[in-house]
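Chains as they are written, first to last, in this note's numbering: chain P, 788 to 1219; chain Z, 788 to 1219; chain Y, 788 to 1219; chain G, 188 to 299; chain L, 188 to 299; chain X, 188 to 299.
The hints are simulated quantities; they were obtained by calculation from the structure and are not laboratory data. Please note that a few of the clues may not be correct.
What the hints assert, rightly or not - Result set (PhoX-like, lysine-lysine): computed pairs, CA atoms no more than 20 angstroms apart in a straight line:
hint, chain 1, residue 1, chain 2, residue 2
1, X, K230, L, K204
2, X, K227, Y, K856
3, L, K269, L, K204
4, X, K259, X, K189
5, L, K230, Z, K856
6, L, K204, L, K266
7, G, K269, G, K227
8, G, K204, G, K266
9, P, K1074, L, K230
10, G, K227, Y, K1074
11, G, K204, L, K227
12, X, K221, L, K221
13, X, K227, Z, K1074
14, Y, K1071, Y, K1121
15, X, K204, X, K189
16, Y, K1121, Y, K1005
To be verified - Just a few of them, taken from the derived set where beta-carbon distance is under 10 angstroms, the chain P residues facing chain L:
hint, residue
17, S1011
18, E1068
19, K1071
20, T1072
21, G1073
22, K1074
23, L1078
24, G1079
25, S1082
26, V1119
27, K1121
28, I1122
29, G1125
30, D1131
31, A1134
C-beta atoms are modelled at their ideal positions from N, C-alpha and C, and glycine is treated no differently.
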Amino acid sequence: MKHSTFSLTWLLVVILCVLGGAATGWAQDGTPGAIDTGDTAWILVSSAFVLCMTLPGLALFYGGLVRSKNILGTLAHTAVILCLISIVWVLLGYSLAFGTDVGGVIGSLEFLGLMGVGQDAFPGTGIPHLIFMVFQLMFAAITVALITGSFAERMKFTALLLFAVLWSVLIYSPLAHWVWGGGWLGEMGALDFAGGAVVHISSGFAALVCALVLGQRKGYGVESMLPHNLPMTVLGTGLLWFGWFGFNAGSALGANGGAATAFVATHIAACAGGLSWMVAEWVKTGKPTMLGIASGIIAGLATITPGAGFLSPLSALLIGLVAGVLCYAAVVLKIRLGYDDSLDVVAIHGVGGFTGILATGLFASVGAQGLFFGNPGQFVIQVVLAVSTLVFVVIGTYVILKVVDALVGLRISPEEEETGLDLSQHSERAYS
Amino acid sequence: MKHSTFSLTWLLVVILCVLGGAATGWAQDGTPGAIDTGDTAWILVSSAFVLCMTLPGLALFYGGLVRSKNILGTLAHTAVILCLISIVWVLLGYSLAFGTDVGGVIGSLEFLGLMGVGQDAFPGTGIPHLIFMVFQLMFAAITVALITGSFAERMKFTALLLFAVLWSVLIYSPLAHWVWGGGWLGEMGALDFAGGAVVHISSGFAALVCALVLGQRKGYGVESMLPHNLPMTVLGTGLLWFGWFGFNAGSALGANGGAATAFVATHIAACAGGLSWMVAEWVKTGKPTMLGIASGIIAGLATITPGAGFLSPLSALLIGLVAGVLCYAAVVLKIRLGYDDSLDVVAIHGVGGFTGILATGLFASVGAQGLFFGNPGQFVIQVVLAVSTLVFVVIGTYVILKVVDALVGLRISPEEEETGLDLSQHSERAYS
Amino acid sequence: MKHSTFSLTWLLVVILCVLGGAATGWAQDGTPGAIDTGDTAWILVSSAFVLCMTLPGLALFYGGLVRSKNILGTLAHTAVILCLISIVWVLLGYSLAFGTDVGGVIGSLEFLGLMGVGQDAFPGTGIPHLIFMVFQLMFAAITVALITGSFAERMKFTALLLFAVLWSVLIYSPLAHWVWGGGWLGEMGALDFAGGAVVHISSGFAALVCALVLGQRKGYGVESMLPHNLPMTVLGTGLLWFGWFGFNAGSALGANGGAATAFVATHIAACAGGLSWMVAEWVKTGKPTMLGIASGIIAGLATITPGAGFLSPLSALLIGLVAGVLCYAAVVLKIRLGYDDSLDVVAIHGVGGFTGILATGLFASVGAQGLFFGNPGQFVIQVVLAVSTLVFVVIGTYVILKVVDALVGLRISPEEEETGLDLSQHSERAYS
Amino acid sequence: MKLVKAIIKPFKLDEVKDALTEIGIQGMTVTEVKGFGRQKGHKETYRGTEYQIDFVPKVKLELAIADDMEEKVIETLGKAAKTGSIGDGKIFISDLNSVIRIRTGETGDGAL
Amino acid sequence: MKLVKAIIKPFKLDEVKDALTEIGIQGMTVTEVKGFGRQKGHKETYRGTEYQIDFVPKVKLELAIADDMEEKVIETLGKAAKTGSIGDGKIFISDLNSVIRIRTGETGDGAL
Amino acid sequence: MKLVKAIIKPFKLDEVKDALTEIGIQGMTVTEVKGFGRQKGHKETYRGTEYQIDFVPKVKLELAIADDMEEKVIETLGKAAKTGSIGDGKIFISDLNSVIRIRTGETGDGAL
Ligand SMILES: Nc1ncnc2c1ncn2[C@@H]1O[C@H](COP(=O)(O)OP(=O)(O)O)[C@@H](O)[C@H]1O
Ligand SMILES: Nc1ncnc2c1ncn2[C@@H]1O[C@H](COP(=O)(O)OP(=O)(O)O)[C@@H](O)[C@H]1O
Ligand SMILES: Nc1ncnc2c1ncn2[C@@H]1O[C@H](COP(=O)(O)OP(=O)(O)O)[C@@H](O)[C@H]1O
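Just chain P, with the same shape it has in the complex (with noise of 0.2 angstroms):
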């Protein structure tokens, strides 16, 4: 067997040299650039904070908040995810969002199975390509995952792997172009620190979709579904939002004041937002709540990611408790409508994230100037950001849904509900 596996790898081994052109191109990329050794620090820790962010973080976060059948359905999403959208990007992602620019709407193939990324300095950065490359790997890993609570507990696990594949290369590839790999988007001029509109609108707003595409639970509104576990939860709140300094500050690419700016924005914005949420809800319902208060730090999270980089402190400030009164008003607003987003992804990312882009181009003056600061175009530009984002993601992620319900259907039967995804799609039980 021994034997055989080493033929076969070998024998991979050539196809792949023979279809990558160079396959030691990786060894080979010449000398390297001028690596600063305290910004790579900082962006290879970033990049492992958004890894913690996704695994164990929002899976947690979601996890907490589902019924006990399903919690390890739930956290295999995340994890599959994970796993599957991180060697797409490494053998097709990467290279369509940051390839060389093709037309302004997306990017070549030169990257194909990161083909020259290299040890160098990625160009304008102090980093290695490679982990530019993984930075990027991780937004677009958890970015798929986001979407994932807004059809928990009924979505097959087949449909979700080819769902997952076919969003991140036919959605998310080309928006990170568009924004951040030379596209049409950042050409004009829009600003989008860490990925207000390629990650938060287009997975609040692909969750929309899907939430309507694939229906109600089984028993929504009737049966109580409340969360198995609010302290998961927390904890899942808890890892989002230190990985979220990650997320947001190694941003920057480098360990530099926009790197504080983005930080200090970050944090106020979510202590803010979950205050906002919890006096909102008190006001409304006679009570505060420990899941407001984490809910409201993820709006606000979610809503300051855009403008990090760009926001003095009070403006994060004023940003952050907009954001938790509004995504709490848009999880009431859900509740009016009907539609079963189960985990409220539209009400906190679509919402948050829309608002963070035009908040950008509102309040912008750290490095780029918003309306309030002299520079009413760059509203106007932001704008285009979200609008466009938006139609682009609700049309793609129709069809998508479309096609993967033709091929493999998107939902577990009523049964297969009943009985919980941990014990019909995976033969496991989590507690015993």
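Following the hints, complete the assembly by docking chains Z, Y, G, L and X with the ligands onto the known chain P.
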């Protein structure tokens, strides 16, 4: 709605501009100083680490120790304090602590709302002022959160909010100023590397006053009040330990030899504390416990905090060993004395911090000298530091509690206590 | 009491001075060398990351897999080993591993009690010697902790303590010296970037011997021994993965291109391992499981460890894919063979580490060449490395176990096993 | 008086409770139990091993009722708990000598 | 022999157990249950929705006793479990045909 | 019909279930309970305090059986559950008026 929100925020901006004198101060603070990317990377990380200590670390450490009906209330204490005190710090607390010294006792109001706190290097360091500020912010937040362990399972949520703000502004900020911000204790040469007095004595003895003023929990000494989830506490311990490296080694304010010394001392003391508490308990009750190991680790960490950057590895070992035994003895003593410091904040942080401040006066040998290294004067200064911190905190905390009690009442009703914080204060249940 | 404590510690100091020859060595180690702040920041962080891998990471990964009556005992294994081995390393182990080479087999005693280990740069790096020491310390601790999975739910606590100390001093330190400390394997040119042999083969095959010598758990194969909390294991997986970036990319000892290569290879292999284990299980049993994904991730991480810094992304992908399938096959084989390696340390770390050491000899292409890149000699060296590690560890572990058994007995009684470790060894219950 | 025990499917609990409340039942006690019967359990996989789990989660209701309510309760309960598929559960009826309300010391039907 | 079942408030368990031990009861079996009755439940909030939870946590005691202990047990139990506020619970008594101690095979009162 | 309740040691559950299945029992209901009896509990330590815990984890089985199965069930159950050491548990038998299978409405022995 969108429109009115914007007018409102616009109005607020104007107000803030007027209030702040120069709202764009942050964007304008001139050419960046000599920022060192490596130092900056490390303090960015350290700030995130201290966040992780607080939420989820401390929150879970405490959360695991309470009964399941109080878990969300306990998590909410830490979470809301983190949010609230961060905002207080940004608006006022930082300026009081680190504004230009006024008479040795308090900082000026120059940094109100972080005016003038920007990307330039903080004097004497290679890190942006904003990062110094946010690193200190994390300390301000966790110090108040530490206190909550003493009145767990019985404090009114509104009382908590009020207490936290008053305590932070009236006790923490002055204290931080005295020791680190150019105040009289620092000027006198007091050594407190990462907060033995400012953080641990202060929270530990505030906790003592809280426990005495609020009184025992209903059923204390009669009903079993066993922890509801010790693995949660172990998880919290691990995250606290992890984050403590940022707390202590980050206090070197750079990625240098001092950070190395502090990192190693921190680790050794944690390990030694864990082992010595375990052995002490083993000798006394016949069994080594997991909670004993965890408690000893925290005791070692708290005790090494003030000296971390000044101690040789073997001194750290000794101090850690003493810490474990001493803090365990303090827990046993508490039970005899009968006050209900529910999660042993006094025994671990109060006693640990006090011991650590004195031990620093004895064992300091790296970059400073203690009594055993020929400098008896240092020990005297350390005694002054410890005692004056203790006295200030005890009196101040007492007065604040009385005020809060008069305004909103400190304790929930006996029926609410029976129901638990989760349902009575938050209308939530943790597990279902 | 205070007084006598001080006299006692003073006495101890004197003793330590005499013992150590120059107790103040740490404070005196001269002008600092050429410290690079970026490199230092990264290794400070990496050391903390490896702590996080161990506690809470590994502790929870294992803890979730045992029955609820053994959870605290399982957590205590990892926690106490971390504390104990850290102290052993400081006092003795580091010197044995990294002291000046004596005859290719062991380090001198020059660093006993960390004498002479100070803030100066460690030769060949830009990081303080103390940080190099503490980074290595974390490796020493986790290696022993890994073994505990094989004898979970049945080892006596006292036996564990004794076993851990003996194994660390007699097996780990020599091995670390051979490969990394100037010993014969390193001199021969053996490649082990972050511990495929030193950490994973060694713990994995020690685990095999432990499982065989201790024998099956009471009721093995008859009673159900299903995991009590799989979300806990998933949380542990996430923290292990997160920390592993410090483990592997930190092994570059700087924030440089090598760290970038290692970081990327680590991530890719984790993802590939997760996917391939999942698919293998899906094919065999008809369902993909969450635990399968988690196990595959760890298998990928363990397998990539020795080659992380030497591999191209696509080689890492291939190795990760192989790792998942191979380690899963090893688990299936274990069940057939009937030995009770309770948490599959052999199948994951033993098989993974072995495979990784050989794969490095085949695929190394960055900074070293393997067989497939024209250097067949490297593969031969790798075989020597893997086999000699295995033989040394198997014999050594067997002897140590026999000694421990003779001295204190290895297993708890059948009644204690029925009651569980928590109550029988620690008088504690995890949940109430 | 009678003691009625019913083993039902967990997700039917609210429906059954509401139906019983409607016919005037004011109290009951509920326990989470595991049932073994004709309804198949499920398989669980654990690292390469498969376990057959025979027990199925069920909910047990206990109601003390006055004798004249017996028929009505059984009918109502049976209807509300029925899905028609295997595993719907059972109703067991036995005699109850007496009932006491702890708060007041009342006994007999008035204590229900 | 009689089988006494009592539904009581959870925090009363230790008190009740001690009181019963004092009058010579040597064994009992305890189950965590959820009660539905006159005692109101509570509200729970979850992201903007409020749920009314009708079930209240209770503890169920089961005691097999000799016939002549019936009165004493009921009195003691009732007294120890009483707080006087709504939701104190109920005591149910029924007949028991026989009891067997598994360890020894003993039956009758000696098996209790 | 009879209702058999047995309190047994938790790790004996599978063995008992298998033994009962072998003699033709097709259904039972299982509850996790805490027992108080002659078997000592254990001590727990919590930061310097020791607690004596009197309750021991047990499992309760409930089986409705036809009258003619009584002896066989008791014997089989008693044998399978026995370890011979203290705390093996008890079997309680009482009368059952009727049984209804919810799914079909069947009553009597056929509903078991
Ligand atoms: N003889 C019995 N004694 C006690 N409980 C039983 C008995 N038979 C069945 N049950 C309970 O009723 C549940 C449903 O029974 P099952 O045989 O699965 O289906 P059905 O109710 O449709 O006949 C079982 O899970 C078990 O809890
Ligand atoms: N008819 C009944 N059958 C079974 N259990 C009952 C019945 N009535 C009440 N209970 C139990 O007794 C508990 C207390 O009853 P409740 O009506 O709330 O107050 P009180 O005991 O003061 O009358 C309930 O929570 C329920 O568990
Ligand atoms: N009189 C009783 N009524 C109800 N349950 C009892 C009674 N006596 C014992 N039990 C149950 O039986 C279990 C075993 O009883 P115990 O006295 O410990 O040992 P043994 O069964 O060997 O006599 C107890 O834990 C309890 O659950």
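Here is how each hint holds up against the structure:
{"no.": "1", "hint": "K230/X to K204/L", "in the structure": "holds, 18 angstroms"}
{"no.": "2", "hint": "K227/X to K856/Y", "in the structure": "holds, 18 angstroms"}
{"no.": "3", "hint": "K269/L to K204/L", "in the structure": "holds, 13 angstroms"}
{"no.": "4", "hint": "K259/X to K189/X", "in the structure": "holds, 13 angstroms"}
{"no.": "5", "hint": "K230/L to K856/Z", "in the structure": "holds, 14 angstroms"}
{"no.": "6", "hint": "K204/L to K266/L", "in the structure": "holds, 12 angstroms"}
{"no.": "7", "hint": "K269/G to K227/G", "in the structure": "holds, 18 angstroms"}
{"no.": "8", "hint": "K204/G to K266/G", "in the structure": "holds, 12 angstroms"}
{"no.": "9", "hint": "K1074/P to K230/L", "in the structure": "holds, 11 angstroms"}
{"no.": "10", "hint": "K227/G to K1074/Y", "in the structure": "holds, 19 angstroms"}
{"no.": "11", "hint": "K204/G to K227/L", "in the structure": "holds, 15 angstroms"}
{"no.": "12", "hint": "K221/X to K221/L", "in the structure": "holds, 16 angstroms"}
{"no.": "13", "hint": "K227/X to K1074/Z", "in the structure": "holds, 19 angstroms"}
{"no.": "14", "hint": "K1071/Y to K1121/Y", "in the structure": "holds, 16 angstroms"}
{"no.": "15", "hint": "K204/X to K189/X", "in the structure": "holds, 18 angstroms"}
{"no.": "16", "hint": "K1121/Y to K1005/Y", "in the structure": "holds, 17 angstroms"}
{"no.": "17", "hint": "S1011", "in the structure": "holds, 6 angstroms"}
{"no.": "18", "hint": "E1068", "in the structure": "holds, 7 angstroms"}
{"no.": "19", "hint": "K1071", "in the structure": "holds, 8 angstroms"}
{"no.": "20", "hint": "T1072", "in the structure": "holds, 5 angstroms"}
{"no.": "21", "hint": "G1073", "in the structure": "holds, 9 angstroms"}
{"no.": "22", "hint": "K1074", "in the structure": "holds, 6 angstroms"}
{"no.": "23", "hint": "L1078", "in the structure": "holds, 6 angstroms"}
{"no.": "24", "hint": "G1079", "in the structure": "holds, 8 angstroms"}
{"no.": "25", "hint": "S1082", "in the structure": "holds, 7 angstroms"}
{"no.": "26", "hint": "V1119", "in the structure": "holds, 5 angstroms"}
{"no.": "27", "hint": "K1121", "in the structure": "holds, 8 angstroms"}
{"no.": "28", "hint": "I1122", "in the structure": "holds, 6 angstroms"}
{"no.": "29", "hint": "G1125", "in the structure": "violated, 12 angstroms"}
{"no.": "30", "hint": "D1131", "in the structure": "holds, 6 angstroms"}
{"no.": "31", "hint": "A1134", "in the structure": "holds, 9 angstroms"}
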